[in-house]
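Chains as they are written, first to last, in my numbering: chain H, 1 to 421; chain V, 1001 to 1214; chain U, 2001 to 2303; chain E, 3001 to 3226.
Possibly wrong hints are sitting among the right ones.
Taking lysine-lysine pairs in the DSSO-like style, the calculated list, with each CA pair at most 27 Å apart, reads [stated by the list, open to error]: (1) Lys2105/U - Lys147/H; (2) Lys1165/V - Lys3065/E; (3) Lys221/H - Lys123/H; (4) Lys1028/V - Lys123/H.
Covered, in the sense of this in silico footprint (three residues per stretch, anywhere, with C-beta under 8 Å from a C-beta of chain V), are these stretches of chain H [said to hold, decoys possible]: (5) 68 to 74; (6) 123 to 134; (7) 358 to 367; (8) 410 to 418.
No lab work stands behind these hints: they were computed from the structure. Values in this document were obtained by computation on a predicted structure and should not be read as measured data. Built from N, CA and C at the ideal position, the CB exists for glycine as well.
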Amino acid sequence: MRLSSPNLTHNCLKIALFTLSLLLISLNAPLAQDAETAPDTAVTIEQAVDSANVAPLPAVNVMVADLPNDKGGAVLVSWELSPDDDGNGKVSGYLVQRSESKDGPFETAGNAVRGATKFTDNKTDDDKVYFYKVAAYFEYLDAAEEKIRITSAATVTGPVQSSAQWFNMNRLYVLLFMLFVAGAIIFYIEKAKKGDEIYIRKIAGIDAVDEAVGRATEMGKKIFYIPGIQDMNDVQTIASIAILGRVAQMAAEYDTWLEVPVSKSMVLVTAREAMKEAYTKVGRPDALQDAQVHYLTDDQFGYAAAIDGMIVREKPATIFYMGAFFAESLILAETGNSVGAIQIAGTAQPAQLPFFVAACDYTLIGEELFAASAYLSREPRQLGSLKGQDMGKGLFILCIIVGVILATLNVWDMSVIFASK
Amino acid sequence: MEMISIWIAAILTLGIFSFLYKDNPLYKACEALFVGVSAAYWAIVFYFDNIYKKFYEGAVTAEEPDYFLWIGAILGLLFLTRLVPKIGWVSRWPMALIVGATAGLWMVGYFVSNAMNQIGNTISNIIARDELTGAIAWGETFGTMVILVGVVSGLVYFFFSKEHKGVFGATAKVGTWFLMVTFGASFGYTVMSRMSLLIGRVDFLLGDWLGILR
Amino acid sequence: MLSTIAMILSAIVGLSLIYLLIRTIQGHPVERRIVFVYIGLAVVLPLLMNKTLPLPVTKDVRKLYDRLEQLQPGSKVLCAFDYDPPSAPELQPMAVAFLKYAFKKDFKIIIMGLWPQGPQQAQQAIEEAMLDPIIAGKNLVQGEDWVNLGFQSGNEFVIQSMGTEFKRMFPKDNRRIPYEDIPLLQNVVNFSNVDFVMNFSAGKPGTYEWVQFGVDRFGFELGAGNTAVQAPMMYPYLRAGQLKGLLGGMIGAAEFEKVLNEKGKASTFLLAQTFAHATVIIFIIIGNLAFFASRKKKTAGAR
Amino acid sequence: MRRQIPILITTIAGLVFAISYFIPHDPFGESESIFGDWITIVQAFAVWLGALNLLKISFEKISSKSADRHYAAIIIVSLIGTLAVGFYDGYSGMAQDPQVSFRDPGTNFDWLYRFIYTPLSATMFSMLAFFVASASYRAFRARNVQATLLLIAGFFVMGGRVPLFDMMISPITDFPVFSWFADWIMTYPNTAGQRAIMIGIALGIMSSSLRIILGIERSHIGGGSG
Chain H
1 MRLSSPNLTH NCLKIALFTL SLLLISLNAP LAQDAETAPD TAVTIEQAVD
51 SANVAPLPAV NVMVADLPND KGGAVLVSWE LSPDDDGNGK VSGYLVQRSE
101 SKDGPFETAG NAVRGATKFT DNKTDDDKVY FYKVAAYFEY LDAAEEKIRI
151 TSAATVTGPV QSSAQWFNMN RLYVLLFMLF VAGAIIFYIE KAKKGDEIYI
201 RKIAGIDAVD EAVGRATEMG KKIFYIPGIQ DMNDVQTIAS IAILGRVAQM
251 AAEYDTWLEV PVSKSMVLVT AREAMKEAYT KVGRPDALQD AQVHYLTDDQ
301 FGYAAAIDGM IVREKPATIF YMGAFFAESL ILAETGNSVG AIQIAGTAQP
351 AQLPFFVAAC DYTLIGEELF AASAYLSREP RQLGSLKGQD MGKGLFILCI
401 IVGVILATLN VWDMSVIFAS K
Chain V
1001 MEMISIWIAA ILTLGIFSFL YKDNPLYKAC EALFVGVSAA YWAIVFYFDN
1051 IYKKFYEGAV TAEEPDYFLW IGAILGLLFL TRLVPKIGWV SRWPMALIVG
1101 ATAGLWMVGY FVSNAMNQIG NTISNIIARD ELTGAIAWGE TFGTMVILVG
1151 VVSGLVYFFF SKEHKGVFGA TAKVGTWFLM VTFGASFGYT VMSRMSLLIG
1201 RVDFLLGDWL GILR
Chain U
2001 MLSTIAMILS AIVGLSLIYL LIRTIQGHPV ERRIVFVYIG LAVVLPLLMN
2051 KTLPLPVTKD VRKLYDRLEQ LQPGSKVLCA FDYDPPSAPE LQPMAVAFLK
2101 YAFKKDFKII IMGLWPQGPQ QAQQAIEEAM LDPIIAGKNL VQGEDWVNLG
2151 FQSGNEFVIQ SMGTEFKRMF PKDNRRIPYE DIPLLQNVVN FSNVDFVMNF
2201 SAGKPGTYEW VQFGVDRFGF ELGAGNTAVQ APMMYPYLRA GQLKGLLGGM
2251 IGAAEFEKVL NEKGKASTFL LAQTFAHATV IIFIIIGNLA FFASRKKKTA
2301 GAR
Chain E
3001 MRRQIPILIT TIAGLVFAIS YFIPHDPFGE SESIFGDWIT IVQAFAVWLG
3051 ALNLLKISFE KISSKSADRH YAAIIIVSLI GTLAVGFYDG YSGMAQDPQV
3101 SFRDPGTNFD WLYRFIYTPL SATMFSMLAF FVASASYRAF RARNVQATLL
3151 LIAGFFVMGG RVPLFDMMIS PITDFPVFSW FADWIMTYPN TAGQRAIMIG
3201 IALGIMSSSL RIILGIERSH IGGGSG
């Protein structure tokens, strides 16, 4: 498991070691935040009786560089710990200072806690040149409870200039993979538009639709179709309406009452249109009544309670739940189950899927909802996208298998091209 | 005052709970109160933390006003045209901005975090070793294999342009098992969550209101 | 006294479940309101017993704790409160325990919210943390030791924008003090200047968004407390290191309290949680026994 | 005009956010921030749209003498009342020195939050505990292999995350077998399953976003297929 970089782990171990010993001293000495120019040389204090009151050694190997892969305005200052920053409590933190000239005057750019080895100065001007110093300091309270800070000497590093980059090289592989998937999706959409056949596998829940509608017809009972509680801007609702079109067609053929209670006015309009189209397709536009699609309420629990009542009163033979569902899923599924209806559900809400799987006869899981909608509507956009996404999945599966084999044989760690920051 | 406040909160709590017996006017009244108060709560917070603090003080009263913010406010006002059906179509402009920006941000965000990084983490030496001693960590090795099999078979299950037959079909079947265990875990956690919420309310009723806890 | 009565009552209630089982197998499932009564009792009775239970600390909680322990005094921690009152029973104990720990360790806390209710929940958590005598003795100052930046609308776009500049999204803090005048925020420009980010999340926007549009773009370290509904979805992130640790639901909160050694609400709820789970498990078993019994009858009848 | 401009806005906004991930340099870096500002403001107005719409619908209900007009009246009164309290607290707090926020403890708005909003919203969701229990009794059946696996996994996670089963076996062993197993399920099979779902969803989002940016998908601006 790669949880952290080796450098970080190393530092973390170090930090953990002296955390305890430092805690006592630092409890009453929060770091100073105010900007002030610290002296260049070590300060000696007359009252300093404690050996700890001698200035700590400075940070070593200070490096400055433009922060890479950014839009400019930032310099990364890094250093190695002061030899005194090793758990004996002689370092309270680091003071980073900067100047536009090598000789100063230096102003505070920021503070870093002890054990830290870098600081990002986000307030630079890309047109200017900067010099930096990193000093270690020790802070304590004197007898009068005054905060005393002793700062180490520091050497000047620089010059450095920040700049913006035109391409974030860390993200090159992301771009390549995205272009592949995007290309595949567009290619297959175009292909489907031209009328080329795109195969989609059978989906269990969809095969059961015929049976479920047939059963309602035999029993002379109603069919309920619940399109979820999201508006038309949710792709799940869009997919649901496409499936509704198909169900409505069957219901029209069998002359079975199909009822669609909705919770958003936009969905009401769209669902009506889809139903009209379906009934017209089978040549029975007059059979459709306005009352078949009706609005209940926008409110989540109000909607669930109203449908609950309908289910108990009317005892439908078949209930479809297709679309975006939230906490109301289990209330609906339980009630439907209690009247013995055949229930077919489909949603891409991972948290609600368990309830549908446990309480319904068939459940379209996640992407199956979209696949079902493409399968039934045969719309080129949906078919092409589905196929293009499959190409992406195929590529990923291939990469995983090849990558794991290579990694296990210690040939090449392929994960580096996926792990992008 | 504290006493009265707690009584009010307790009555509202019981009012909502009365729905468990059956739908009734008290519940409906509490629900209406909830709808009204929460809509106004949101409106107030968005007004002071955004419209006032970000826009008004940034673009109107600031010493160096950021005139770009005016465009945001105008787009926001266009959104309100939805209330007037005749000119409601202009609300599509701000809508287009949000939908477009979300699409752009998500396209990359989901792809990087939920696809690329997850694939990258799945690709690893299946023989896991202890970080300190270098000995083979059998538990972790087995776990890594479980994840590998689960991810691959799950992806195969969500593969739609090939029929689930033969080896491919069998793999997909394994995929459904993993999905079911995942949903089971989710189910258990959801139950846990719902129970916690109830415990929170009962703690309020018994503790803060009736004062019989501790 | 109350505790003894509660114990006796729960024994009686437990026995009555057998009756329920028989009724159900006979094909007369009880009404849902009776089930409601059982759940009510399963929560009320254990709360009256006032007992705590031993709880092993899972490694996801331990991981977060270990990471927090490595932070030095003075470390700046950004705390995003992304939840509302309904999820408070799960998340508030985490937030309180975390704040107590953080203040004791002298972390500098920067609070913000992507949910409008978040900063208000944060105020309540701070109020409670300040009651701790050790913390009260520190005389913490708003603006120097902690700051509440309030809420900003825009969901994931707020995180995205904060990657460049916090100030752009939070020009003033909760008390309308300008960003640049707040001592704690001197030299804090964006995520590169904070040492750790902690997120308490009940949904969307929340940890999902913080990982996608924060961690994976700007490379900070993130720990999270989640509602149990959301927690299972975070495990892939946890394993890939996109999350440094995870507290899941009230149980996660109780474990966190245990590992931080802060006695809080979550630990006292453990017994009630256990009873509630047991009741649900028993109901599933009863329901399924009845289901199989009826199926057997049906197949026998068909023959 | 009605169609073209929204499509153009969608495409530009989408491209800015997608491209700036790869190209941090201006104009992408800066325009991303500017767009971000606008979006936060538009979303704030969207919330106001919701509140005003609620008012409008409630007034309509009253004027049409609908059956639930009494509840509509409660909505109107509580909405306007809360707004009044909020505005009063917000503006009077600004006039004080030091300034007090409307969400600070002790304000009227905070009182509304603690004693009206909190109990109502929290209780609303806590009712799900009852529904989940009754659903598990009456509807959650091991009706097929899939549902069986689901219930078994749920069983172990539910029982293992609390010290329930482990206390039962405590006379035999001190090792928390069940909580260990629940943890194992979460860490390995759950991670695998969630990851497969995640990758699938990521590809789905990628393709729908692509269609939106390219203007192939236009349902958000009230148009069907392109």
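(message) Need the list of violated hint numbers for this structure, in ascending order.
(response) Hints 2, 3, 4, 5, 6 not satisfied by this model.
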